[in-house]
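Trainee: Chain by chain, the residues:
There are 2 protein chains.
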Amino acid sequence: MIEEIYGGANGILGILNEELIDLNEEKARSIEGLKHTPAAALGTCRYKLDFKKKPEQAARDMDRLFEVFKAHNIRYFFYAGGNDSQDTANKIHEETIKRSFEVRVIGVPKTIDNDLPHTDHCPGYGSVIKYNAATVMEVAADVSSMATDDGSCCIIEVMGRAAGWIAAGAVLAKRNPESAPHIILLPEIPFNEAAFIEKVKQTVAKLRYCIVVVGEGLKNHKGEEIGADKSRLDAFGHAVLSGAADRLAEIVQGRLSLKTRTVKLGYAQRAAAHFASETDMAEAVACGEAAVRAAVDGKSGFMVKLVRQQSQPYRWTTGLQDLKDIANVEHFIPRDWITEDGFLPNEKFIAYARPLIEGEVKVPMEGGLPKYVTLEKVPVDKLLPPRM
Amino acid sequence: MIEEIYGGANGILGILNEELIDLNEEKARSIEGLKHTPAAALGTCRYKLDFKKKPEQAARDMDRLFEVFKAHNIRYFFYAGGNDSQDTANKIHEETIKRSFEVRVIGVPKTIDNDLPHTDHCPGYGSVIKYNAATVMEVAADVSSMATDDGSCCIIEVMGRAAGWIAAGAVLAKRNPESAPHIILLPEIPFNEAAFIEKVKQTVAKLRYCIVVVGEGLKNHKGEEIGADKSRLDAFGHAVLSGAADRLAEIVQGRLSLKTRTVKLGYAQRAAAHFASETDMAEAVACGEAAVRAAVDGKSGFMVKLVRQQSQPYRWTTGLQDLKDIANVEHFIPRDWITEDGFLPNEKFIAYARPLIEGEVKVPMEGGLPKYVTLEKVPVDKLLPPRM
Chain D
17 MIEEIYGGAN GILGILNEEL IDLNEEKARS IEGLKHTPAA ALGTCRYKLD
67 FKKKPEQAAR DMDRLFEVFK AHNIRYFFYA GGNDSQDTAN KIHEETIKRS
117 FEVRVIGVPK TIDNDLPHTD HCPGYGSVIK YNAATVMEVA ADVSSMATDD
167 GSCCIIEVMG RAAGWIAAGA VLAKRNPESA PHIILLPEIP FNEAAFIEKV
217 KQTVAKLRYC IVVVGEGLKN HKGEEIGADK SRLDAFGHAV LSGAADRLAE
267 IVQGRLSLKT RTVKLGYAQR AAAHFASETD MAEAVACGEA AVRAAVDGKS
317 GFMVKLVRQQ SQPYRWTTGL QDLKDIANVE HFIPRDWITE DGFLPNEKFI
367 AYARPLIEGE VKVPMEGGLP KYVTLEKVPV DKLLPPRM
Chain E
17 MIEEIYGGAN GILGILNEEL IDLNEEKARS IEGLKHTPAA ALGTCRYKLD
67 FKKKPEQAAR DMDRLFEVFK AHNIRYFFYA GGNDSQDTAN KIHEETIKRS
117 FEVRVIGVPK TIDNDLPHTD HCPGYGSVIK YNAATVMEVA ADVSSMATDD
167 GSCCIIEVMG RAAGWIAAGA VLAKRNPESA PHIILLPEIP FNEAAFIEKV
217 KQTVAKLRYC IVVVGEGLKN HKGEEIGADK SRLDAFGHAV LSGAADRLAE
267 IVQGRLSLKT RTVKLGYAQR AAAHFASETD MAEAVACGEA AVRAAVDGKS
317 GFMVKLVRQQ SQPYRWTTGL QDLKDIANVE HFIPRDWITE DGFLPNEKFI
367 AYARPLIEGE VKVPMEGGLP KYVTLEKVPV DKLLPPRM
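As you go down the protein sequences, you meet chains D and E in turn.
Going by the working numbering, the first sequence opens with residue 17, and the numbers climb by one from there.
Going by the working numbering, the second sequence opens with residue 17, and the numbers climb by one from there.
With the rest of the complex left out, here is chain D (with noise of 0.2 Å):
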């Protein structure tokens, strides 16, 4: 029987440092909230068990994972993220079998990334292109309406480091042909100057203006990020990238003359929760719901997926994958999904995505903003010492 349900603060930090939050302390109201309400409750972190190389950081880590997960009685482990959350769910996993100490570890997908294999799609990547291709919509009423015959260029940086599936969701707000976005550029398609100039210039020609949508990690044929700032690195290693837009907007300008402006919504269209998608936020639930119950099940080791049964109407449901499978594979957008030319995902693609932006989660207000949860964090009393 399962008596008691912590969450760990900060992820894989909060069990390491043995805070641990008491789930039980929180208002029924504000777990249903939760639905609704935008980034991770019990914060997040960016803390590998990174094995190849930090192997004695790593080692001591994973002894006191176990150290913390013994005092505790923890038996039922649920991991939340990307790749590299699968990656750590997995090594977890393993380390159970060899420490003969049965905690039964699930992952669950989540990232707007949406580039984990074997699961039709991520949680969470339903909602941000939901919001970017309302964006995409807004932005281009506007700056069509002010077009005149000097013609203009509006370049939308979104996220998405190695994988365009961010990028490529624009497309959605594409309504028929000469409707934006034009031209979206994907980090998966090496980046050719000659012909986006080319397709810049033709757009303007016929429309007076032209909307590019860039995933931030667009590449050049070198394979090096047209945005990247080498100087700086975050904490796996991966050069931190900024302004993929401004550099699209230099060559526009430089090579067209043309009036270009940028927008960079960052961290804006990860944490949209005011127009998310009703689709995703059931989608979510039911993954974490599944985890569950596969862990009460005496499942294992494996990672939740999201499986399309049909596309239309749209059918889905969950299954599981061996956590092996997942870590560390990055899932790109079939090349087949892009047109020929390299600046459109196709029907294919279209079909693949439309589903996922259906319905809007109905948001409470106050005052005229969003009512978002905020947790009370009751800590679980420690029991060991503090982490060397």
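To be clear, the hints were calculated from the coordinates, so they are not data collected in a lab.
Please note that a few of the clues may not be correct.
No copy is singled out in the list; a pair is fine if it fits within one copy or between any two copies.
[To be verified] When the alpha-carbon atoms are kept at most 20 Å apart in a straight line, the in silico DMTMM-like pairs for lysine to aspartate or glutamate are as follows:
#	residue 1	residue 2
1	K387	E294
2	K393	E194
3	K393	D165
4	K387	E376
5	K51	D38
6	K64	D165
7	K378	E294
8	K222	E392
9	K215	E356
10	K86	E392
11	K86	E20
12	K51	E392
As the structure is a computational prediction, the values presented were derived from the model and not from experiment.
Given chain D's structure and the hints, the job is docking chain E onto it.
Mentor: Positioned in the frame of chain D, the structure of chain E alone reads:
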């Protein structure tokens, strides 16, 4: 009796080019749908009757305008926009008197910048600050959920070249003393780098993260815009701004070694009809109606203004103000509406702004995205030779 209702395509440019749209050809459903549709349905322009810099061109333009008015028997002229548009309306009004050709001219306020004098606020403003404040809440949830001991900072750049009304409006996201935004940098207050860095440092020490909102036109003590790129000028000769947030991020990273990210909402904030204020929409419609009533009553040379009767509960009405009092006068945030240290608007500003974001406009949806209206734009037959 008013027989025909024409729209000028792209504002004054459409009159000059005799590009008139027959609005009676539009469906009633489309006209109604404009209430929830972003951007200028008839198009807009950045064209100015500039008697100072281009006196001959301006004189020719004025002659042409009256030729078009006479050819189509246009006797009522409504012009919606900000300072430059009210200036245009005022010049045309003065000409109607000089030329003894009766055209009743009424200006309609419409600018997210909220920088027109005499009106309590401007249609457009409530919606932009509603969207921006929600975005600040959401970005803050995201950033705070990632906040670990290293700390982090996120800088959100919003519109506002001279006046900080838009930036200030983000304060409505602040629901308690610790919540975001923590710092708002207004173009009205010269940027003090040392005090800013100290404030970021204190905020991160206390909360582990800091959310900064900056108006694009933030200036240093010499009056130079910190994000200005002086090589680019718009049609009015103003410097095109970009990168106030990026410039601040460089400063924060350089001085505090703090993980710093930027969001640049750009046109997205001006066009975010999916999250518009119902109060704002009602006021915009009322301003248009008041303009028509005034003209039919024989008035000319006025701008409709919004008059606040009380703040709590909010009550308002419309009024009229001489166009000559409006044209080219910019209205700034009173200094005593801002805290002494200059880093946040105070309770006076909040009492002013809070009612303006109340209520949500219900936007019809189709396939998970807003259903916006596009006009048919049936042209009125031209009666004149082309503009010289």
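Trainee: Hint by hint, say whether it matches the structure.
Mentor: Structure-based check of each hint:
In the homo-oligomer, the alpha carbons of K387 and E294 lie at most 20 Å apart both inside one protomer (17 Å) and across protomers (17 Å), since each shortest distance falls under that limit. Taking CA atoms no more than 20 Å apart as the test, K393 paired with E194 passes between copies only; the shortest distance there is 17 Å, against 50 Å inside one copy. Taking the shortest Cα distances, K393 and D165 sit within 20 Å of each other only across copies (18 Å), while inside one copy they are farther apart (57 Å). Taking the closest pair of Cα atoms, K387 and E376 come within 20 Å of each other both inside a single copy (16 Å) and across two copies (13 Å).
Only within a single protomer do K51 and D38 lie at most 20 Å apart by alpha-carbon distance; the minimum there is 19 Å, versus 47 Å between protomers. Taking the shortest Cα distances, K64 and D165 sit within 20 Å of each other only across copies (16 Å), while inside one copy they are farther apart (53 Å). Taking the closest pair of Cα atoms, K378 and E294 come within 20 Å of each other both inside a single copy (8 Å) and across two copies (17 Å). For a Cα distance limit of 20 Å, the shortest separation of K222 from E392 across copies, 18 Å, qualifies, whereas the shortest one inside one copy, 56 Å, does not.
Proximity of K215 and E356 under a CA criterion of 20 Å is satisfied intra-copy only: 14 Å inside one chain copy versus 51 Å between copies. In this assembly of identical chains, the alpha carbons of K86 and E392 never lie at most 20 Å apart, being 25 Å within a copy and 70 Å across copies at closest. Within a single copy, K86 and E20 get their C-alpha atoms as close as 14 Å, which meets the 20 Å cut-off; across copies the closest is 82 Å, which misses it. In this homomeric assembly, K51 and E392 come within 20 Å of each other (Cα to Cα) only inside a single copy, at 16 Å, whereas the closest approach across copies is 41 Å.
Going down the numbered hints, you'll see the structure goes against just number 10.
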